Amino acid sequence: DVKVTQSSRYLVKRTGEKVFLECVQDMDHENMFWYRQDPGLGLRLIYFSYDVKMKEKGDIPEGYSVSREKKERFSLILESASTNQTSMYLCASSYSSGTTSYTDTQYFGPGTRLTVL
Amino acid sequence: KNQVEQSPQSLIILEGKNCTLQCNYTVSPFSNLRWYKQDTGRGPVSLTIMTFSENTKSNGRYTATLDADTKQSSLHITASQLSDSASYICVVSPRTTSGTYKYIFGTGTRLKVLA
Numbered sequence: 001d002v003k004v005t006q007s008s009r010y011l012v013k014r015t016g017e018k019v020f021l022e023c024v025q026d027m028d029h030e031n032m033f034w035y036r037q038d039p040g041l042g043l044r045l046i047y048f049s050y051d052v053k054m055k056e057k058g059d060i061p062e063g064y065s066v067s068r069e070k071k072e073r074f075s076l077i078l079e080s081a082s083t084n085q086t087s088m089y090l091c092a093s094s095y096s097s098g099t100t101s102y103t104d105t106q107y108f109g110p111g112t113r114l115t116v117l
Numbered sequence: 001k002n003q004v005e006q007s008p009q010s011l012i013i014l015e016g017k018n019c020t021l022q023c024n025y026t027v028s029p030f031s032n033l034r035w036y037k038q039d040t041g042r043g044p045v046s047l048t049i050m051t052f053s054e055n056t057k058s059n060g061r062y063t064a065t066l067d068a069d070t071k072q073s074s075l076h077i078t079a080s081q082l083s084d085s086a087s088y089i090c091v092v093s094p095r096t097t098s099g100t101y102k103y104i105f106g107t108g109t110r111l112k113v114l115a
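Protein chains in written order, with the working numbering: chain A, 1 to 117; chain B, 1 to 115.
Same shape as in the complex, but just chain A (with noise of 0.2 angstroms):
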């Protein structure tokens, strides 16, 4: 089973601080992903990442990096957290299948509850 974890299911966090949410795949997939999901919106990408060190940016990117130095593990950073990035975050897996890889299911993980006081 493809397994996607999550470094928290909940954290809080203070206006200004840094923050990083990690997530770890163990199914060797090249795709990874990161996106939040308010109420009445559905699910919006922030960054993804189709290999090692290679990053695009989705539709909401501003305010948010990502890292993504192995393989297994893509980190989403705040760098300066404010109270309207406070949602739930989800990072997502795919395995790549060359030119027809659009069709490969997407692995979430169980979703980082961020609250920004």
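Source of the hints: derived by calculation from the structure; they are not laboratory data. Do not take every clue at face value.
Computed beta-carbon distance windows for the label pairs [what the hints assert, rightly or not]:
#1 A:K57 x B:T40: 37 to 43 angstroms
#2 A:K18 x B:N2: 29 to 35 angstroms
#3 B:T70 x A:E72: 23 to 29 angstroms
#4 A:Y10 x B:S10: 21 to 27 angstroms
#5 A:L117 x B:R61: 39 to 45 angstroms
#6 B:T96 x A:S65: 23 to 29 angstroms
#7 B:I13 x A:D28: 37 to 43 angstroms
Computed from a predicted model, the values in this text were never measured in an experiment. Idealized CB from N, CA, C, for every residue including glycine.
Since the structure of chain A is provided, determine the placement of chain B on it from the hints.
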């Protein structure tokens, strides 16, 4: 603008009954459509995926249909169980030439199954 709309927003049914959830999309050109189940406080789990050439796909008591002409999909749940209580999310991907990943998520239908 690429959009995915789901209806109804929420649904309550009795255990053992069937139900159908709807997904309409304006994504073009279309590549594939997925349905996910998300239990409260958990990450989404894939139920089905269909490309433009497929018009039905089953996974146990879940059956997804796709009409690429009308840009509509439905998820039918047969003989519902209490464990079916969850949010169901429709996700559509456009066809891209660059290989860049794009997943457009609907806001989900929240299903509650009562005993």
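I'd like to know which numbered hints this structure contradicts. Please list them from smallest to largest. Checked against the structure, the hints that fail are numbers 1, 3, while the rest are satisfied.
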